[in-house]
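Those protein sequence lines, which keep their order, are chains X and L.
Note that the first sequence ends on residue 199 in our numbering; no numbers are left out.
Note that the second sequence ends on residue 1348 in our numbering; no numbers are left out.
A portion of the hints provided could be inaccurate.
[As the list claims (entries may be wrong)] Derived CB-CB ranges, DEER-like:
#1 X:V62 - L:A716: 27 to 37 Å
#2 L:G886 - X:E147: 32 to 42 Å
#3 L:S999 - X:I119: 52 to 62 Å
#4 X:G126 - L:K937: 19 to 29 Å
#5 X:T100 - L:R891: 46 to 56 Å
#6 X:T138 - L:N1056: 42 to 52 Å
#7 L:A794 - X:G11: 33 to 43 Å
#8 L:G833 - X:Q(-2): 41 to 51 Å
#9 X:W27 - L:A714: 31 to 41 Å
#10 L:K937 - X:W27: 49 to 59 Å
#11 L:E1219 - X:E147: 50 to 60 Å
#12 X:P(-4) - L:P1258: 49 to 59 Å
#13 L:A862 - X:P(-4): 52 to 62 Å
Hints are computed from structural coordinates only; laboratory data are not their basis.
C-beta: ideal position from N, C-alpha, C; glycine also.
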Amino acid sequence: MVRPAQPVPEGMDWDMWLGPAPWRAYNKDYHPFNWRGCRDFSGGNMTDWGAHHYGGALFCMNMQDCPGPVEVIPPDGKEYKQLTWKFAGGLVMHDGGAWGGPIAFRGTKGECPDRKGPRKAPPDVQIPNYKGRGGIFGDFLHCVRTRQRPFRDIELAHHTLVVCHLGNIAGWLRRPIRFDPIKEEIIGDPEANRWIDRPKRQPWSLT
Amino acid sequence: MRHKTILLMAAAAVGIAAWAMGQEANVGELVRELSGEKAAAQRTPEQLRAAYTRVLDAIMADMEGEDAGRRANAQRVIERLAFVASRPGAEAERAACSAAIADALARDVAVGASPWLIRQLERIGRAEAVPQLAKSLESQDEKIRDCARRALQKNSSPEAGEALRRALGAARTPEWRHAVVEAIAARCEPASAEVLLGVVTHQVAETRGVALYGDDTRIAAMRGLARIGDKSVIDAMAKKVAEGPTPEVLDCYLLLGDTLAGKGERREALKIYKSLAEAKGHVQCAAIIGLGRAGGADELPAILAAAGNADEKLRGAAVEALAMIKGEGITAATAGKFGSADVPTKVTILQGLTRRGDKSAAATFVTAADDADESVRIEAARGLGRLGNAVAVPVLLKLAAAGGNVQPVARWSLHELKAEAAALLKAIEAGNPKVRAEAIRALAMQHAQGTWKVMLKCAGESDAVVRLEAIRALGVVGPSEALAPLTAIVQKTEDGATRDEAARAIATIALRDAEPEKAVGPIIAAMQSSTGPAKLALIGVLGRIGGQRPLQAVRAALREDDAKVRDAAVRALADWPDVSAAEDLLAIAKSATEETPRVLALRGYIRVVRLENARPASQTAAMLAAALDAAKRPDEKKGVLGALAEVRDPAALAAVVPCLSDPALANEACNAAVRIGRDIVDRYPEPVKAAMRKVMETTKDQNTRKFAEETIGRADARLKKAGG
């Protein structure tokens, strides 16, 4: 929603803040936090907390290198109660419905967390972790020096955001979409495919 | 006569239907139809356009109005209709909706409404929208012009490209020319190649000394040409590079190479990459990668030369190139260079071969695993996880056993070689204990459940490294049948590490059991018949498993004469996996005369109360309030306040507020009160307001005061609303 125009605060370059997004007048409700709710600036909670949760889910499934889902289905009031992503390997991910925490898993042999019994000890699995010292920042600096791939490599982050953006597109259009994760194109729906990239307000461009 | 009457009646029915269709339903019902919420009537294309026009006419006043809420609702309506109309298989609806929106624009709507209408055309418009969008390109309002430019950029029809090319010819300012060139370039249409080439090669003499295009615009045009990838522009681009090889120009030239390579024009792409292979910086890196993308065996020497370069970025480019390059004998030729290479080159070669994924290179990695340099051994370990087979297993086990930075890489590679369990089992049979332990570990990581009897045998060995790893592995792969022998280990061993490891394994297996009540029976019996450290360890096991029978057994242990047994029982309750131990813990926290069990019990109580549960928040608040009463020291009370801060209930707030007047607890109490208050103020404004006022009286911290003040404001607003 476009809010009424207000004077731009002293010292703020509103034009630069807008960047490539379509022009709109300044309003205090956009900055510094609530821009998240505006489609021109953000993908809302989907690309905000969604990025953490869906990225976490893909990490747990060792699927960070997966370039994206092949189908995204919004809730339809019938078979699909939640926004659903389907991946080529057979994984199906739903938005919502988790138990015991933000992410839950259901496999052919059981669930995690297990709702049937007391909490179980986690299996002994080697989990990739930060390199160097200093958490995720230290990991990045370590990898700058050693040329290793960072824990949160930009390509992996991109894969997570593909999930988020496609979820938004299917949700906004309220129809299922099929996706080619290699070509990064929505298949068979040219108008939905227009959402893959947005034209930029002049003079912004991507080189 | 009768025949004529029938004909007249039929004509009237058709007329009525036509009239009804002409009138349409009321607009609300029409919107529901067009947005798919109810079944839509069959309509011709003209009738569809009229229907969308009817809706637009009805909402236009709101779209042009000052009321932001009504404007937003109107925008949502038209956006919803556009989304539904644009679905696959509904071309008639899409075209009609788009045409109706274009018509609305043509009727000179208010400036405020135009951008939103154009935005819909950006999403769904095709050829039918182009004439109006082209007119909007000439608008006096620069925002509308730019909206139209963006809409044409996304419009898939060739007419949109023509409109933009015409607009370029008519553009009067450098900024607008640049924007239009960007839009044309983004469309990547071969039909635009000539126009873009004209921008790139434009000479001021052609326009009487007037420079039409700045450098930025020429670069944008070059980028567009590069993305189109038309072979006809190669020479012109090469000339631009020769005239002035700026980074931007070089990037465009490289992009052209990439596009040509992607289209299969490898010979042309290779010419570009080769011409830049001696450049500097990132350009050279991109060119080397390009040699891999488009080249073959002839390009391998240049790539391998980059692999040995002092610049690690160039070495990285060589890795990418090696991963991509196609041709007979590439893997063998690359592997053949390994033996005589220096350390950085060896690392690059190994990384490249790993990325190629050609298993015929595995022997090179086996050789590299013995290299004197650790960084080479690390790459060898990494590659063997991808390229190796059974032959790689003893090599990786030896690397893992050696420790250091190679160990985690070798362990991960063993994990990746899932198919090679037989090789791991063979390695367990005999040999260096550290190697055998790594083999056991690798099988556990693979969850190789069929190997548990082998693990059990190793769990009885005299060598501690093998023994401990085997017990640990049993925790992962052991079935319920392993519980009895592990319990016997706990009871018999005199080694503390072995006892602890076995206890952990017992708990893990028992928790995995489909019938946990059946599994714990023998463990309880063993605990009750044991003495000394074994008894204490088994009490700890019961604390990890949880359940009614273990709880009763641990309660009994609380009453034993031996102080160490009582201590173990308190610790087990404090670790309990669910809230069933809460009452026992609170009782101990209130009544224990010794400090250690009292503190352990209190911390354990807070912990189990905070576990996942379905009880009402008010009940959790009451339980934590009881903990606050039992706590004696300020640090203990602070722990409870931290837990109360998570409870979204006025009872939690009521428990926190008295602590505001205790200077030792004031900070934590203020934080807790604010956290609770912010979350429940809408439902309980009065008590929250009272509590926030007390916080304002207590704290000097600016942040806390700010949050308290905001919460008071929200409470006041809620009270005002409720008061009407």
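Now for the hints, and whether the structure bears them out:
Taking the beta carbon of each, V62 of chain X and A716 of chain L are about 29 Å apart, inside 27 to 37 Å as hinted. Checked against the hint of 32 to 42 Å, the pair G886 of chain L and E147 of chain X fails, with Cβ atoms roughly 19 Å apart. At roughly 24 Å, the beta-carbon separation of S999 of chain L and I119 of chain X lies outside the given 52 to 62 Å, and the hint is violated. Separated by about 24 Å at the C-beta atoms, G126 of chain X and K937 of chain L satisfy the suggested range of 19 to 29 Å.
Range check, T100 of chain X to R891 of chain L: Cβ separation about 51 Å, and the 46 to 56 Å hint holds. Between T138 of chain X and N1056 of chain L the C-beta distance comes to about 30 Å, which lies outside the given range of 42 to 52 Å. Look at A794 of chain L against G11 of chain X: about 28 Å separates their beta carbons, and that is not inside 33 to 43 Å. Judged by the Cβ atoms, the range 41 to 51 Å given for G833 of chain L and Q(-2) of chain X holds: they are separated by roughly 46 Å.
In this structure the supplied range 31 to 41 Å holds for W27 of chain X paired with A714 of chain L, their Cβ-Cβ distance being about 33 Å. Our hint of 49 to 59 Å for K937 of chain L and W27 of chain X is violated, since their Cβ atoms are close to 36 Å apart. Here the CB-CB span from E1219 of chain L to E147 of chain X is close to 54 Å, well matched to the stated 50 to 60 Å. Between P(-4) of chain X and P1258 of chain L, the C-beta spacing of about 51 Å keeps the proposed range 49 to 59 Å intact.
For A862 of chain L and P(-4) of chain X, the hinted distance range of 52 to 62 Å is satisfied, since their beta carbons lie about 54 Å from each other.
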